[in-house]
Amino acid sequence: MHGTHKIVSKSQLSEEVFRIEVQAPLVAQERKAGQFVIVMYDEDFSERIPLTIADADPVRGTVTLIFQTVGASTHKLALKNPGDSIVLLGPLGNPTHIERFGWAVCVGGGIGLAPLHPIAKALKEAGNRVTVISGARTKDLLIMQDELAAIADEHIVVTDDGSFGRKALVTEPLGELCRRAPSPDIVVTIGPPIMMKFCAETTRPYGIKTLASLNTIMLDGTGMCGGCRVSIGGTTKFVCVDGPEFDAHLVDWDGMLMRLGTYKEIEKEAHDRCHLEMRIEELEAQGDGARAPEKEPAK
Amino acid sequence: MSHKEEYIMDNAEVELARLRSAPVTPKVRMQIPPQDMPAQDPSERRHNMDEVALGYTPAQAMLEAERCLQCKNAPCIAGCPVRIDIPGFIGKVKGGDFLGAGKIIKKTNLLPSICGRVCPQETQCQAPCTVGKALHSVGKAVQIGRLERFVADYERTHGAVEVPNVASPTGRKVAIVGAGPAGLTCAADVRREGHDVTIFEAFHKSGGVMVYGIPEFRLPKVLVQSEAEVLESMGVDFELNFLVGRTRPLLSLLREDGYDAVFIGTGAGLPKFMDIPGENLVGVFSANEYLTRANLLKAYMKGKAGTPIYPSHRVAVLGGGNVAMDSARMALRLGAEEVRVLYRRTREEMPARAEEVEHAIEEGIIFDFLKSPTRVLGDDKGRVAALEVLSYELGEPDDSGRRRPVPIRGSEEIMPFDTVIVAIGNESNPLISQTTPQLQVDRHGHIIVDERQKTSVERVYAGGDIVLGSATVILAMGEGRQAAQAINEILQ
Ligand SMILES: Cc1cc2nc3c(=O)[nH]c(=O)nc-3n(C[C@H](O)[C@H](O)[C@H](O)COP(=O)(O)OP(=O)(O)OC[C@H]3O[C@@H](n4cnc5c(N)ncnc54)[C@H](O)[C@@H]3O)c2cc1C
Ligand code: SF4
Ligand code: FES
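Top line first, the protein sequences correspond to chains Y and D.
With the working numbering, letter number 253 in the first sequence gets 1325, and the count goes up by one each step, no holes.
With the working numbering, letter number 351 in the second sequence gets 481, and the count goes up by one each step, no holes.
Some clues are possibly wrong.
So the derived label-pair ranges between C-beta atoms look like this [to be verified]:
| # | chain 1 | residue 1 | chain 2 | residue 2 | range |
| --- | --- | --- | --- | --- | --- |
| 1 | Y | Lys1211 | D | Met545 | 48 to 54 Å |
| 2 | D | Glu523 | Y | Asp1257 | 55 to 61 Å |
| 3 | D | Ser530 | Y | Ser1255 | 24 to 30 Å |
| 4 | D | Glu543 | Y | Lys1336 | 30 to 36 Å |
| 5 | D | Pro481 | Y | Gly1305 | 47 to 53 Å |
| 6 | Y | Pro1130 | D | Glu492 | 56 to 62 Å |
| 7 | D | Val352 | Y | Gly1247 | 56 to 62 Å |
| 8 | Y | Lys1281 | D | Pro379 | 55 to 61 Å |
| 9 | Y | Lys1336 | D | Ser363 | 43 to 49 Å |
| 10 | Y | Gly1234 | D | Glu467 | 50 to 56 Å |
| 11 | Y | Asp1233 | D | Met431 | 28 to 34 Å |
Below are the EDC-like pairs computed for lysine to aspartate or glutamate, each with C-alpha atoms no more than 16 Å apart in a straight line [stated by the list, open to error]:
| # | chain 1 | residue 1 | chain 2 | residue 2 |
| --- | --- | --- | --- | --- |
| 12 | Y | Lys1309 | D | Asp283 |
| 13 | Y | Lys1309 | D | Glu409 |
| 14 | D | Lys432 | Y | Glu1197 |
| 15 | Y | Lys1104 | Y | Glu1088 |
| 16 | D | Lys351 | Y | Glu1197 |
| 17 | Y | Lys1239 | Y | Asp1212 |
| 18 | Y | Lys1104 | Y | Glu1197 |
| 19 | D | Lys432 | Y | Asp1212 |
| 20 | D | Lys511 | Y | Asp1116 |
| 21 | Y | Lys1309 | Y | Asp1324 |
| 22 | Y | Lys1193 | Y | Glu1219 |
| 23 | D | Lys351 | Y | Asp1326 |
Hint data in this document are derived by calculation from the structure and do not stem from the laboratory.
Idealized CB from N, CA, C, for every residue including glycine.
Work the whole structure out from these sequences, hints included.
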């Protein structure tokens, strides 16, 4: 049986953000901007983790994934090294609809800057004028800045704490752009759901078409489980086969945010346990007689 | 094992010896009671994932086989979707030639250890059985399914599983999309003719619903795995984590990758919901999601599995089929204190296998018949808090001949729950048809095929749930086999 894929390179972009390049020639060849993959760190016990494709090299036959260690599963993924194999399924979802809109504003937040890059690039190549708004909590979490700066006609950078660029949320410059005349023809936003929600609220009064790439809970990613459902304009849609991009003004953001929190408590517990285990591993690896704390009994 | 179980088993040996001490007339055969299936004690099994039914002992199997009248017209065969020579294999069991029995079954059924466990025998082979008819009860028919299971298990545990012969290579290539029962059967039959076969499967494990849907306690996963291993030893290639339509377009397989024919066995798709308010609240799951978490992703192994499962106390399961039974029994095993199945009709109309319903009742699942929810109510955090439920009564028969449930006005009541599992069926999987516009589908999205399973696209065949809607393992296998015959003919 085949089906696992080798990690060919790995780097750490910040304390919490990792970049891996995975051998997957067919995925590299087929994928288009806006699509994602599902990965598993092993075939037995791993969660299925949806990650948007940051980049692909059809010649080398690799795809690049950028992820933040937000929970136990992404932590375990981050422990994988070049030469290790992981499960990877894709490319999933519908590609971003790219055309010559005129002026396109691409808003990315945190880890969302990675998947924003191929979309901004495709929009640029289709002849759009592209403004990129990059946002992050702090300077350390601003990724893909050189790449984005290289394609953007205009690049606005904000951080929550002001450690780099403007001290602001992305919605502030977005609002300013909306008030320019003429206003943007299209806005694309990828990032934390709460950020996308507020981007939608920012553009709504101006009637500017706004697309958001949704990152719901997913299992199969093939249209079988229904776990990824969200309400769009009052009808239930499935993000893995109908999305991942939807009209941001029609998304039921509050419903989606609630569903994303389904496993919050369990995940927090797993995450804490995972941190503890990693700490134990570290201590054991030091081998200097440092005593590992007692393992918390598995619940 | 309980005393009751031990008694059943020991008793069979005594009975068998007694029976065989004198000539066995048909009248005597009819007097032998159907052999009970030894099972784990309900109070124990509701806390574990191990298989519930334990299988016949050899003596029990031989005693049960003695009940068969070896009818000349064998109505049971007509009731079997793949026409197993039922009296033939039962005759071998009676004589103690269990491996011989296995050979007869395998002529037409590739996966007997699975079918013996999951087929709805009471509506198939056992429905027309002469013994059952004479005794006026399907439940008293010869227990064909249990015998099939016994024979298949005997073969496996005695290391006697034979790898089917494969003809010399033809140089032809066939792609199978989906490793469920339809795809696996088609793959085996095409491979036997010497063609190269590759199975493309979206998940990281093969088996389809048999691994992600049907729980371990009903169908141990090692069985499914060992069936896939037989295919591997026949030289069938598995490409896992490969989504045809996305990883590679369907038609590229034919046009660029050198495949001479394709079989689509992608199974059922998107779960149906009730379309009532509150269905997107936290704590409402499709049965597919709930079971996939628990089975395929092993969420029941807390601490080990990365995939979380919702901590439930009071669970409502909506539906009356196998999927509903599996969800309810799974929820119980995952620690729910109370699990209720809400079904709009009555027990008689439930499509679930009779044995599963019995097992569910024994385990303490509560059935609320003639009830269906009208709303899911949430708390201030958007979590399920209750269902508003409407009661029904049976009215005139509908097209299917079943009496139609009619709502009783003003009968709404509020039932507290924290989890709702929706098990009311599936739409079809949209992916292949979305990405292959040439492929004709009906208005439900099911792929349209002719009587030989051929689709509207040359050299592309389809079968199983993607054609039939939600069907059964055996019907999916039957279609896979039918398609294989057609493919083998065009590749001659
Ligand atoms: C919980 C549950 C309990 C059931 N209980 C019973 C029972 O007791 N008895 C019974 O007879 N039947 C039962 N059924 C029904 C039975 O399982 C199905 O009818 C049968 O599995 C259908 O087989 P299939 O081969 O058509 O599809 P599936 O078993 O659904 O397999 C399809 C496979 O194709 C893969 N796939 C889908 N799309 C693609 C793609 N584009 N590329 C690659 N791979 C793809 C899927 O991942 C899957 O593995 C049950 C079903 C469920 C859900
Ligand atoms: S109908 Fe029943 S009794 Fe007759 S051959 Fe079949 S299994 Fe035996
Ligand atoms: S992730 Fe399962 S249907 Fe979308």
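Query - Index of numbered hints that the structure contradicts, given in increasing order - result: As far as the earlier hints go, 3, 5, 8, 11, 12, 14, 15, 16, 19, 20, 23 are violated by this structure, in ascending order.
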